[in-house]
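Chains P and H are the protein sequences, given in the same order. Position one of the first sequence corresponds to residue 232 (this note's numbering), numbered consecutively onward. Position one of the second sequence corresponds to residue 232 (this note's numbering), numbered consecutively onward.
If you are wondering where the hints come from, they were derived from the structure by calculation, not from laboratory data. One or more hints might be untrue.
For identical chains, the list gives no copy identity; a pair is met inside one copy or between any two copies.
Listed below are the simulated DSSO-like cross-link pairs for lysine-lysine, each with C-alpha atoms no more than 30 Å apart in a straight line [what the hints assert, rightly or not]: (1) Lys358 to Lys398; (2) Lys284 to Lys355; (3) Lys284 to Lys359; (4) Lys358 to Lys284; (5) Lys310 to Lys284; (6) Lys420 to Lys358; (7) Lys284 to Lys257; (8) Lys257 to Lys398; (9) Lys420 to Lys284; (10) Lys327 to Lys398; (11) Lys420 to Lys257; (12) Lys257 to Lys310; (13) Lys327 to Lys359; (14) Lys257 to Lys359; (15) Lys327 to Lys355; (16) Lys327 to Lys358; (17) Lys359 to Lys398; (18) Lys310 to Lys355; (19) Lys310 to Lys359; (20) Lys398 to Lys355; (21) Lys355 to Lys257.
2 protein chains.
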Amino acid sequence: MRKTDKIRIPQETIRRLALYLRSLRKLSQQNLTIVSSSQITNHLNVTSDQFRKDLSYFGSLGKPGVGYRVDELIEHLEKILGVDSERRIILAGVGKLGSALLAYPGFLNFNFRIVAAFDNDPVKIGKKREGIRIEDISRMREVVSRFGVRLAILAVPAESAQSVAEKLVECGIRGILNFAPVNLDLSQKVYVLDVDMGTELMALTYFSRRVLL
Amino acid sequence: MRKTDKIRIPQETIRRLALYLRSLRKLSQQNLTIVSSSQITNHLNVTSDQFRKDLSYFGSLGKPGVGYRVDELIEHLEKILGVDSERRIILAGVGKLGSALLAYPGFLNFNFRIVAAFDNDPVKIGKKREGIRIEDISRMREVVSRFGVRLAILAVPAESAQSVAEKLVECGIRGILNFAPVNLDLSQKVYVLDVDMGTELMALTYFSRRVLL
Numbered sequence: 232m233r234k235t236d237k238i239r240i241p242q243e244t245i246r247r248l249a250l251y252l253r254s255l256r257k258l259s260q261q262n263l264t265i266v267s268s269s270q271i272t273n274h275l276n277v278t279s280d281q282f283r284k285d286l287s288y289f290g291s292l293g294k295p296g297v298g299y300r301v302d303e304l305i306e307h308l309e310k311i312l313g314v315d316s317e318r319r320i321i322l323a324g325v326g327k328l329g330s331a332l333l334a335y336p337g338f339l340n341f342n343f344r345i346v347a348a349f350d351n352d353p354v355k356i357g358k359k360r361e362g363i364r365i366e367d368i369s370r371m372r373e374v375v376s377r378f379g380v381r382l383a384i385l386a387v388p389a390e391s392a393q394s395v396a397e398k399l400v401e402c403g404i405r406g407i408l409n410f411a412p413v414n415l416d417l418s419q420k421v422y423v424l425d426v427d428m429g430t431e432l433m434a435l436t437y438f439s440r441r442v443l444l
Numbered sequence: 232m233r234k235t236d237k238i239r240i241p242q243e244t245i246r247r248l249a250l251y252l253r254s255l256r257k258l259s260q261q262n263l264t265i266v267s268s269s270q271i272t273n274h275l276n277v278t279s280d281q282f283r284k285d286l287s288y289f290g291s292l293g294k295p296g297v298g299y300r301v302d303e304l305i306e307h308l309e310k311i312l313g314v315d316s317e318r319r320i321i322l323a324g325v326g327k328l329g330s331a332l333l334a335y336p337g338f339l340n341f342n343f344r345i346v347a348a349f350d351n352d353p354v355k356i357g358k359k360r361e362g363i364r365i366e367d368i369s370r371m372r373e374v375v376s377r378f379g380v381r382l383a384i385l386a387v388p389a390e391s392a393q394s395v396a397e398k399l400v401e402c403g404i405r406g407i408l409n410f411a412p413v414n415l416d417l418s419q420k421v422y423v424l425d426v427d428m429g430t431e432l433m434a435l436t437y438f439s440r441r442v443l444l
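The task is simple: from the sequences and hints, build the whole structure.
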């Protein structure tokens, strides 16, 4: 988590908005046009109060006792999150995890498209995985600039994570989804979101033990 | 996020405790014995106030102006999180993501050991990946009981996530780290922690745009 004075909305609110959006799209596929907050938050274990509070940061929508227009709220959330148009991302590191991420179908659902992947292994460079060409890291600046990319997924080994992350920032990347289990030390110009399986599992251990009580 | 009356500690506090633990282990490797809160939270973008508040849920350690004993705080956090002894986990779904997770070195660092993996593909069943035998899902109950497993990683396709999750709960699993991009509808006896790349990327998009302002 990077905090700057400019970021005042809690990170958890933004994560929940993304979950609401996922839920709304599902309701839309079921041809629902007006829904209640509890239909949106069903299975998310978020209270209706929390839902309304999260939305209130961005001006309110929906009428009390009437509900929310599904298409309107989807559009609203997509604009807030910045996913109303395609977002291009690059992947750094095409090892086992990187390869799995290239094949992950969930990205396209949210308008994210991986436009290039990078690795330093000469055996991989020039080959294609899931239709995406693996490039040498030395070509990163050119690719980032050509595609106007601002987001990157970092899936390199822990030892090289810091140096590759610095390279990403140098090339103009402003948001990094970091899968390497290290705390990156970067400038305030980039936002880092850590995805750490070990940390997640520790949180899970804690909460699953409480469930047993 | 599942909430029950018994869970009063914010999920974010628990996640941060896991990050503090990771940070402390690193400091311990550097042979430091007494550290300040800012040394622990360095690179985590957590304020010292937040750090103290997080710890205060579990009784305080450390002396003002003196700092924290690294080994003592590590032990304290490990106990809180329940990672002071080995935790066995199973993996459901050995596709691309599941295979990458089997190879993920970060689990062992935190005392997590994947003891078995399950798939429904006859071609995979009976084979070994990363030294772990892939079993038929029908053998799940037996394996869970034999190894005393309470935690599972769910990495099956979205379509089968709900039914496999139900099977996990039936077999005695009490915590699920869910990588399938669906909202699981399960009993209150199990704690589900969702890891959704699409959601993470949307949060990242939002925050990285703020950084640009």
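Now the hints, each set against the structure:
no.	hint	result
1	Lys358 to Lys398	within (22 Å within a copy, 40 Å between copies)
2	Lys284 to Lys355	neither (48 Å within a copy, 47 Å between copies)
3	Lys284 to Lys359	neither (45 Å within a copy, 49 Å between copies)
4	Lys358 to Lys284	neither (48 Å within a copy, 50 Å between copies)
5	Lys310 to Lys284	within (18 Å within a copy, 35 Å between copies)
6	Lys420 to Lys358	neither (32 Å within a copy, 47 Å between copies)
7	Lys284 to Lys257	within (22 Å within a copy, 38 Å between copies)
8	Lys257 to Lys398	between (38 Å within a copy, 24 Å between copies)
9	Lys420 to Lys284	both (29 Å within a copy, 28 Å between copies)
10	Lys327 to Lys398	both (21 Å within a copy, 28 Å between copies)
11	Lys420 to Lys257	between (35 Å within a copy, 26 Å between copies)
12	Lys257 to Lys310	within (18 Å within a copy, 40 Å between copies)
13	Lys327 to Lys359	both (15 Å within a copy, 16 Å between copies)
14	Lys257 to Lys359	neither (33 Å within a copy, 37 Å between copies)
15	Lys327 to Lys355	both (12 Å within a copy, 17 Å between copies)
16	Lys327 to Lys358	both (15 Å within a copy, 18 Å between copies)
17	Lys359 to Lys398	within (23 Å within a copy, 37 Å between copies)
18	Lys310 to Lys355	neither (37 Å within a copy, 43 Å between copies)
19	Lys310 to Lys359	neither (33 Å within a copy, 46 Å between copies)
20	Lys398 to Lys355	within (20 Å within a copy, 39 Å between copies)
21	Lys355 to Lys257	neither (38 Å within a copy, 32 Å between copies)
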